[in-house]
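**Student:** One letter stands for each residue in the lines below.
2 protein chains.
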Amino acid sequence: MIKEVVIGTLCGAVVLTIGILIGHFGIKKNSAPSWVNDVSKDVDENLIKQFLSEVDTVQLQENLRELTKVPHMATSQGDEQTVQFVLKRWQDPESGLDKAWQQEYKVYLSFPNPNNPNKVTVVNPSNSVLFTVREREKPYTPDQEDPEVVQPFAAYSPPGNAVGKLVYANQGKPSDYHLLNQTIDLRGTIAITRYGGAGRGAKAINAAAFGVVGVLVYTDPLDINDGFMSDTNETYPHSWYLPPTGVERGSYNKDFGDLLTPYLAAKEDTYRISPEDITGIPPIPTQPIGFEDAYRLICELDGKKAPDEWQGGFNCTYNFGGPGFKPTSSFNNSDVKLEIFNQGKILNSSNVMGVIRGSVEPDRYVIYGNHRDSWVHGAIDPSSGTAVMLEITRVLGRMVKQGKWRPRRSIIFGSWGAEEFGLIGSAEYTEEYFTKLSERTVGYINVDISVFANATLSASAMPSMQSVIFKATKQVSAPGSDSTSVYDNWIRYSNRTSPAHGVIPRVRYLNGAGSDYAAFVHYLGIASIDMSYTYDRSKTNARIYPAYHTAYDTFDYASKFIDPGFVSHQAVGRSAGNILIRLADSLLLPFNCNDYAESLEDYLNTAVTLYEAQLKAKNISMEPLKNAVANFRRAAEQLDKVIQSSDLANETPLNIRKINDQLMLMDRAFLNPLAFPDEYGFRHVIWASSSSGKATFPGIADAFAQAESSGSSTDWNKVHYHLSVVTQAIEGAADMLNEVI
Amino acid sequence: MIKEVVIGTLCGAVVLTIGILIGHFGIKKNSAPSWVNDVSKDVDENLIKQFLSEVDTVQLQENLRELTKVPHMATSQGDEQTVQFVLKRWQDPESGLDKAWQQEYKVYLSFPNPNNPNKVTVVNPSNSVLFTVREREKPYTPDQEDPEVVQPFAAYSPPGNAVGKLVYANQGKPSDYHLLNQTIDLRGTIAITRYGGAGRGAKAINAAAFGVVGVLVYTDPLDINDGFMSDTNETYPHSWYLPPTGVERGSYNKDFGDLLTPYLAAKEDTYRISPEDITGIPPIPTQPIGFEDAYRLICELDGKKAPDEWQGGFNCTYNFGGPGFKPTSSFNNSDVKLEIFNQGKILNSSNVMGVIRGSVEPDRYVIYGNHRDSWVHGAIDPSSGTAVMLEITRVLGRMVKQGKWRPRRSIIFGSWGAEEFGLIGSAEYTEEYFTKLSERTVGYINVDISVFANATLSASAMPSMQSVIFKATKQVSAPGSDSTSVYDNWIRYSNRTSPAHGVIPRVRYLNGAGSDYAAFVHYLGIASIDMSYTYDRSKTNARIYPAYHTAYDTFDYASKFIDPGFVSHQAVGRSAGNILIRLADSLLLPFNCNDYAESLEDYLNTAVTLYEAQLKAKNISMEPLKNAVANFRRAAEQLDKVIQSSDLANETPLNIRKINDQLMLMDRAFLNPLAFPDEYGFRHVIWASSSSGKATFPGIADAFAQAESSGSSTDWNKVHYHLSVVTQAIEGAADMLNEVI
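Residue numbers (full-length UniProt numbering), protein chains in the order written: chain Z, 1 to 741; chain W, 1 to 741.
Bound conformation, chain Z alone (with noise of 0.2 Å):
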C-alpha cells in the first residue's frame, strides 16, 4: 500500500509537473515581443570598460605617422591620399564601420602660385631689391623639404601689388590703426601686424578703412616663443618652440563654409556668387612673414615709439614707422612691397563619412567629426585628431564586425575636408543635409586637434552635455597616471564653482567658429561638445602650440614635444569615445537641462548688471527677459523630476522617446535664421560670437555696445530687439522641456 501510494504520489508529481512546464512554456501565452527588451536597453558599462581598455597608444602612434607621411592641404594629392587612408580603415572588414564613403563638393579655395611664388622685399627709391622676405621656412628635417610643401601665404587675400612705408601697427585692430593714424597719414602705407588680438583678415580689413594698401602678418615670440629666439639651441628641433623662419599660413576669411555658395551645398551646378562679392577677406596684399624676416623689418622702422602694450619680443624698440625705416637704417627711404600672386580656384574637396547603424534608434544620429586637411603635415592641426578618431572607429568598429556590439542609434563619423579654409567640409554638409541632421542628432563631438599640450583636458560644450563629460573623464585615467582621473587632473587646471555642483571643471561655451562645430552649434542648434588635451598655462604663454599652421607641425615635432608616448592621445580617444558610446547607447539622453539653466542665469545676471539701469532709462523692460530665464529653470526642474521618478526600464518606449526628444530638440529653439543677418550661419541666439567682449547674450551686447556708443534711438530699438528675440528663444525652450501637452 506503502508502494503504491508513493507510486502513486510520484507519479502524480511527475504528471503535475509536466503539466506546469506544458503551461509554461508550452501554451503561448500573450508574451512579450522580443523587442520588448532592445527598446529598454540602457548603456553597458562593461562595454565602455573594454573599449577604455583597447585604446591603443601605438596604434595612435601608427595613424599619425601614417597620415603625416606627406603634407595633405586640402585638393592636394596628400590630402587624396589620406581620403584614401581613411575610406581603407572605415571599410576594413574586421575593424571597419558598416559603411563609409567619400562624399565630394566643389569649393572655393585660394592658393600661391607655385611657379610665381609671392614676395615681399624692400625697394629703394632706384628700386632696387635691398631685402628679400624668405619663401620656404629653413629645413630642419626632411619633412620641410618636401616639395608639397605650401609657401606660406594668406588664403583669401587678392592677387596684387603694394608698395608703401612701413608702419608697424601692432595686432592690427580698429583702435591699433586709429592710434596709429593720429601721427600718422597711413594713406598709402605697408602696414606690419602681429598675430593675435583680432582675427586673421580682419587686420587687412581693419588697415584698408584707414588707406593702407598692403599688410604683413608675422608670429611674435614673445606671443609664441616665451620670447625664445634662437634655432641655435631654442627652438625646433631643440624644444616645441617656434624656429625663426616658421610661419602662420592661414585662411584670412570671416565667414565659415564655402565663400560662393552660402547656405547652398557647393554643387556641380549650384548658385555662386561671383567672387568679387565675397565680403570678409582682405581687400588689400596681404602675407604672413616669419620673425627672423619681421625682425629685421620692425626694428629698423623710424618714428615714435609705440606704447608699451605693443612692444614684443626682439630686442630692440617697437616703432610706429615714420612711416618708414630709421635714416640710420640701410633701408632709409625705402618701401616695403608686396607681390602676391594668390589664385581662386574652384576645387573638389572630400569629406569621408562612415556609419554604424543604430538598433532601436537608427533615426537618432551622434555624430563625430574631424578634419582631416591641414596646411603641411600636420600632425597636430588635424592628423592629432584624425589618429584618436581613427583609433575610435578601430575599437568600434571591432566590436560592431564580431557581433558584440551595436549601438542603440546610429553613430555618423565625418573626416571633413577644407576646415582649414573656413570650416567648408562640415558646414556644406550641414546645408545638405540641414533637415535630416536638424531633426535627428542628438550630439555632435568635435576633436580637431586632440592635444595641443599634455597638461590638462581642456572642453567647450553646450552646458547639458558637462554631465556626461564629467563621468567619462572620471572614468579615464589622467595620461601617464593609474591613480588620478582625466577630470581630477583637470579639475586642478581649470574649475569654477557652481551654486549646484560646488567646485568642478569649467566647461567652456562653444561661441566661437574655431573648428567644424560652428555649423553643428550655430547653424543647426545641435548640443556638441570640442575637446582636446591643452596646456599647463603656468608653464607657457604660447598662444598656441608655436608649429601651428607651419612646417614644423610634424611627426617628429608631435612624438618629440607634444605628447610623447601619446598617451595625452590616448586619454582624449578614451574620453570623446566614453562620452560618444554614452550618447549613442543611454536609455535617456545623458543631458542635464539645469546645468543649461545655470549658464542662462550666469548670461542673465551679467546682462541685468550691465545693462538693465540703462534700458530701464530708456523704457526697455528686461522682465520678461527674467521671466523667461526662471521659466526656463522651473521647466529644467519639472523634466528632471519626471526623469527622477521615471522607472525607465518599465517606461514606454514612446515615453522614453518623448522625453529624449525634449532633452534633443530644446537646443533647436535657440536658432533664429533672422537675428543676425550679417553673419553666416550664426543662429543660435546664446552661442553666437560677439564682439562684446561679455559673457552675456550676444545680440544683445552687441546691440548695446553699438547704442552706447552711437546713441541713436535706431540702435536702442535693436538693443530691444534682441531683447525680444532672446526672450522669445528662451521661453521656447523653456515650453520644449515643459510637459508636452
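These aren't lab readings, by the way, just hints derived from the structure by calculation.
Treat the hints loosely; a few may be bogus.
In this list, chains with the same sequence are indistinguishable; a pair is considered to hold if it fits within one copy or across any two.
Distance condition first, Cα-Cα at most 27 Å in a straight line; then the derived DSSO-like pairs of lysine-lysine [stated by the list, open to error]:
1) LYS658 <-> LYS41
2) LYS658 <-> LYS99
3) LYS337 <-> LYS305
4) LYS626 <-> LYS69
5) LYS99 <-> LYS560
6) LYS641 <-> LYS99
7) LYS49 <-> LYS99
8) LYS106 <-> LYS618
9) LYS404 <-> LYS471
10) LYS474 <-> LYS304
11) LYS539 <-> LYS616
12) LYS474 <-> LYS173
13) LYS641 <-> LYS173
14) LYS173 <-> LYS658
15) LYS173 <-> LYS305
16) LYS616 <-> LYS626
17) LYS658 <-> LYS345
18) LYS305 <-> LYS616
19) LYS616 <-> LYS106
20) LYS304 <-> LYS560
21) LYS99 <-> LYS88
Predicted model only: the values in this text are computed from it and were never measured.
With chain Z's structure known, arrange chain W on it following the hints.
**Tutor:** Leaving out everything else, chain W in the frame of chain Z:
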C-alpha cells in the same frame, strides 16, 4: 482494475490540468507589458462611424444661432462674448475637452472712429456737398440695426483727407493704372476700383505709384451678383445676392500676422516697429463703398470709354473719367472727397485654445483651427466654421469624458482671434510656439468658412494628405443624400486625371494666405488642409458668397440661403472630424508621399516647358532640379514599399515612430527662411505665393518673370539662385524619406 485505471487516469488528468493552469497562470513569465497593445493600436472604424452618426444638424444650427447673436469683430465686446461661449463649451464637464484656456496677444488693429465716421462726398468747386456716400448698410432685419455694426472701412488705410477728380481704374492692378495713365494724368485724382484682380491694399499701393491721392473700392454686381441689383425683389432678403448698399469690409494689409511684431509674439513688452514703418498697407486714404453709390459715381464719369474687360454690371458705360464727371452730370466739375478717420490701436486679442491629451504619443499634435472674429455678425465668415468646430469638439469631448476614447496623439483646437485683420491670432501663436509646433505637429486642419454654398466639397491641402481626405469623404454622405458620398459628389464638380489614380477630385494647392493655415503651411511647413462646402460654378459667377464681409452675413442669411437644414455644415463637420480622428489615431500617419511626388513632377514639367530653353541659353541647367524630383519620387516609392511590407501591428513602436517622423517632417525640408526675404512668413519653397500666375515653383517663376522683363544679369542670377534653393529643398525632403541611415 478498470475502475482503478479510470480513477488513476482521471486523477492524472486533473493533476495535469492543475499543473497546466499553474504553469500558465501561476508562474509569472516574461509577459508583455500592458502598453505593448496600446502602442500598436490603429484607428477604430467603429468609433469613426459613431462620430459620424453623432454630428448633428440641430446642434450646428444652435451653435450658429448663438455665435451670431451680435457682431463680433476682433476685440469687440461681441468678440469677448464668443470667447466666453467657446470657453464654456470646451470646459463643459460632460462634453468639453481636457483643458481649455484663453490666450491673449497685444496686436495692432485699425478701426474707423465711431464718433467721427469716414465720409465720402462729391463736392463742387464752391465746396458744397452734392452727394454723400452711405455710412451704414440699409437694414432689412434687426441685425443691420445693431449699433455694434461697424461702419464699412478699409482696415489699415491711413486717416486723412483726399480730394480730386474721379477716375475709374477697373481692379486697381498696375496694368490698369498704366493704361489709364496713358490718357489721363493720374496725379491728384481719386480712383474708384472694383474688388477682384488685385489684393485689397494693392489697389491703393498701385494707385499711389501713379500719383493717385485716394482710392474707393466697391463690389460690382457683375462680380458678385450675377448682375442682379435690385433689392425690391432680387437681392437679400429675397435671395443670397448682395443688396445695393452692402459693403465688403476688409483688411488692406499685404503681410499676415501682427504688423508691428514680425516673427515675434506680440506680448506686452515685445519690441514693436513704429506704425510708420509698416510696409504693404495703403499709403493713401482708401474706403470701400456699396454698389448703389458706386453706380452713381461711375455712371456719371466723363472721358473715354473704358475697355470691354473693364465694363461691369451697371446699365451704363464705364468711362475712364475726364478725369471727373461728364459736363452733363450734376457732378460736373466736382471733386470726390474722402475724409478718413481710421485709428490704429494696440489691443488684446484672444485665441481660445483647447486640448485633448494623446494617450500613446502625447507629444504629437494634430491641430484643428478656425477663427472666431468676424467683421459684423459673420454667420458664414467665420461662424459657420466655428459652429462646425464646436460640434466636432462636442462629439469628441463627450467620448473622452465618457471614457470611450482617447486619441493616440494629442489634439489641439484653436479658436483664432483677429484673423480678419490678417490671420493675426494664428500667426502670433506659431511665432510664440515655433519650435514646439514645428517639432511635434503632425498636421493642421483649417475650417474657416465651412459652407460658402451647398453644392460640393472644396479642399486645398498638401498633396500628401489627398488620400486621407478621399478616405474620409468617401465615408460621409453628401448633404441631403443617403446614397451619394461627399467624395462622389465632389468628383462631379471638380476633378482631374492623376497619372497614378485616374480621375479623382481635385485637391487644390495651399499657396495663398487666405486663412489661418498660412502660418502653418508657409512658416512652419506643417502638412495642412483647408476645406469647406462651396459653389456650383455652373449656377453662379459670384466672386464669393455675396454677403461676404457685409452686415448681411447673418444667421437669417445663412440658414435661409446658404445652408437650409445645416446639412452642408454637417457634411463638412463629418469630413473634417473624420480626417482629424484619422490623423490623431492612425498607427501610421495617413500621408502619401507619392502623391506629393506627383505634384512636384507637375511643377517640374511646367517649369521645364516654360523655362528650360531660355535657361539653357543663359547656361543655367535644370538637370539638378530634375534629379531632385526623381530622387524624391524614388524615395517616396521606397518608403511606400517599406510601409507596405511592414507588419504594422507587430512592428516595434520606435520603428513605427521612425516612419511617422519621416512622414511628418518631410515637409519641413521645404522651408527656407532666407528664400523670400521680402515676404513675411513665406518659407515653404513649394507653396509660397507667387505673382507669376504659373503653377510651378514660386521662387523660380517670380524670378524668371522678373529676369525676362528686366533682362539684367542680376535678375538671371536670381533665377539660378532659386533653382538651387528649390533643388536643395527637394533633395532634403527626399532625404527625409530615404532609409534613415
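**Student:** Check each numbered hint from earlier against the structure, then list the numbers of those it violates in ascending order.
**Tutor:** Of the numbered hints given earlier, those the structure breaks are 4, 5, 10, 11, 12, 13, 14, 17, 18, 20, listed in rising order.
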